[in-house]
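The chain contents come next:
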Amino acid sequence: MTGTPTDPRGLDIAIGDVDVRFGAPGGEVRALEGLSLDIPAGSFTAVIGPNGCGKSTLLRLVAGLLAADAGTVAVGGIVPRPGDGRVGLAFQQPRLVPWRSTADNVALPLELAGVGASERRDRAAEALERVGLAAAAALRPRELSGGMAQRAGLARALITDPPVLLLDEPFSALDALTRETFDAELQRLWLERPRTVVLVTHSVGEAVRVASQVVVMTPRPGRVARIVDIPLAWPRGPELADSPGAGALAAEVRQALAAEHAVELRPWTGGEAMA
Amino acid sequence: MRRIGAAVLSLGVFLAIWKLATVIGGYPEYILPAPEVVAERGWRAVGSGVLWEHAGVTVLEIVLGFAVGASTAVITGVALGKSVLIERVLSPYIVAAQAVPILALAPLLDIWFGGGLLARVAICALIVFFPIAIATMVGIRSTDPQLVEMLRSLGAGPAQRTRLVEIPSALPVIFGGLRVGVTLAVIGAVVAEWAGASVGLGVLINIANQGLFDTPLMFVALVSLAAIGLAFYGLVVLVERRLIRH
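Here the protein sequences line up with chains A and B, keeping their order.
Using my numbering, read the first sequence as starting at 376 and increasing by one per residue.
Using my numbering, read the second sequence as starting at 49 and increasing by one per residue.
Treat the hints as calculated values from the structure; they're not laboratory data.
A hint or two may mislead.
As the list claims (entries may be wrong) - In silico SDA-like links for lysine to any residue, alpha-carbon gap of 25 Å or less:
#  : chain 1 : residue 1 : chain 2 : residue 2
1  : B       : Lys67     : B       : Gly277
2  : B       : Lys130    : A       : Leu440
3  : B       : Lys130    : A       : Pro473
4  : B       : Lys130    : A       : Ala488
5  : B       : Lys130    : A       : Leu441
6  : B       : Lys130    : B       : Pro193
7  : B       : Lys130    : B       : Ile52
8  : B       : Lys130    : A       : Ala442
9  : B       : Lys130    : B       : Ser190
10 : B       : Lys130    : A       : Arg475
11 : B       : Lys130    : A       : Trp474
12 : B       : Lys130    : B       : Asp192
13 : B       : Lys130    : B       : Gln208
14 : B       : Lys130    : A       : Pro457
15 : B       : Lys67     : B       : Leu57
16 : B       : Lys130    : B       : Glu197
17 : B       : Lys67     : B       : Ile79
18 : B       : Lys67     : B       : Ile52
19 : B       : Lys130    : A       : Ile453
20 : B       : Lys130    : A       : Glu486
21 : B       : Lys130    : A       : Ala399
22 : B       : Lys130    : A       : Gly507
23 : B       : Lys130    : B       : Gln194
24 : B       : Lys130    : A       : Arg456
25 : B       : Lys67     : B       : Val271
26 : B       : Lys67     : B       : Arg92
27 : B       : Lys130    : A       : Gly458
Sequences are here, hints too, so could you generate the full structure?
Shown next as structure tokens:
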């Protein structure tokens, strides 16, 4: 499971004409409908759209946690299955097991794969080091700050060194300053060890800062409305946010969002007319 | 140290009120013996070996009945918590068995299980079962679904999810059930002895009460049962403290 030889630059993701519905027939919610998306191996893709547009559903599909009602999903040409070692997933909440130490939480994927205790300890220390949490190995989750807990969640997703990393708004609960340092670290992690990264986010600024392409989704039922390429050079420093190139790209993403989500994004213009 | 002090103090107050009641009420010994009379009777019962003989059997019944009842209850509770189908099928029987008075059921179980130690363990286990099974089911159901999904995303199967997250997170609730269950085990042992036994603290109560008209001896048996119950309850709390430390 962990020793699978894979392309060091990651695996591609191919989603073809996928439908996902929730709930009983009749009262069902159409989460995704006719969604097609190809994510090249080694790219950093940001998926953006307001709440309820199916971004998290899309990630669960790629992680193999959810089966599509129609259409195809493939990671590196194969249908994804949880625990196949191809995908690492970090959630919006850190989801640490409260009675385990940080190191034991981070090592959980290895434990499930049957890796021995001493190797687990070494690799957990290494993964914690990579996200700047080396000193917190023995702490319990309740002793960690929100930012530290998210780092631990990220370390857990990275410990098997998966060719695909999925991030479901992992920083949305953090304050804006902490977020910016996280964006920089994500970029560093990705440049150090290129792999396919898919980041679900609410933030246009974040998407443009970190991604090589930004996928804008439609309101529910979710589809891909537009893909904006972000051809800015790496590494991208904090000064990038103020550059005219980044500004124009952010404006392009915002326009695409506004075109799709007019009511959600600007309720004060449409609200009265609707009522 | 302060905890022990408080316990000693409350015991002293209890004994004082008891003594006061016998002095003011002036009850004859066969209705309410004074604490020192009971103590003296207890001393003699210990000396003659009578108390050990009966208490030993009752303790054995409690230990075996609780072990059997609690372990089957936890296993059943996990199954009930994990599968709605199993809960729908089993819970009517479990609830019905609990609703039927154990006093009425005990003589029947005594016959079915051959009247020996096995029968008494079965009766004890039955009364212990319900609160622990229900507590386990509730505990398993209250597991954070986000943790379960996290494990699922790592490829953990149902058994691994139960072992790694569901049982540990249900432990505080399970121990709530075990605390109730262990006190019920004491009642179960006495009820079982009443249904048919020749030795045990329940038997001693009957002998003292109806045979010998030795009310102080009956009190000795009651106090012994209370002490046994407290000791086992304390043991459960001790294990709980060692297991749950997060």
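Lysine 130 of chain B paired with glutamate 486 of chain A [C-alpha distance capped at 25 Å]: 23 Å, holds
Pair hint lysine 130 of chain B and isoleucine 52 of chain B, alpha-carbon separation not exceeding 25 Å: It is violated: about 42 Å lies between the C-alpha atoms, which goes past 25 Å.
Are the Cα positions of lysine 130 of chain B and leucine 440 of chain A separated by 25 Å at most? Between lysine 130 of chain B and leucine 440 of chain A the Cα gap is close to 19 Å, so the pair holds against 25 Å.
Check whether the Cα positions of lysine 130 of chain B and glycine 507 of chain A lie no farther apart than 25 Å. Distance ~38 Å between lysine 130 of chain B and glycine 507 of chain A Cα, so the pair is violated.
Run the distance test for lysine 130 of chain B versus serine 190 of chain B: straight-line Cα separation, threshold 25 Å. Measuring from Cα to Cα gives roughly 11 Å; hence the hint holds.
Are lysine 130 of chain B and alanine 442 of chain A close enough, with their CA atoms no more than 25 Å apart? Holds, at about 22 Å.
Hint check: lysine 130 of chain B vs alanine 488 of chain A, CA-CA at most 25 Å. Holds or violated? Distance ~24 Å between lysine 130 of chain B and alanine 488 of chain A Cα, so the pair holds.
Checking one constraint from the list: CA of lysine 130 of chain B to CA of proline 457 of chain A, max 25 Å. Satisfied? 20 Å, holds
Regarding the pair lysine 67 of chain B and leucine 57 of chain B, is the alpha-carbon distance no greater than 25 Å? At roughly 15 Å apart (the allowed maximum being 25 Å), leucine 57 of chain B and lysine 67 of chain B satisfy the hint.
Has the given pair, lysine 67 of chain B with glycine 277 of chain B, been kept, meaning a C-alpha gap of at most 25 Å? 23 Å, holds
Satisfaction of hint between arginine 456 of chain A and lysine 130 of chain B, Cα-Cα up to 25 Å: Judged against 25 Å, a Cα distance of about 22 Å means the pair holds.
Measure nothing beyond the straight line between the CA atoms of lysine 130 of chain B and proline 193 of chain B; if it is 25 Å or shorter, mark the hint as holding. Satisfied, since the Cα-Cα distance of roughly 12 Å is no more than 25 Å.
Going down the numbered hints, you'll see the structure goes against 7, 19, 22, while the others check out.
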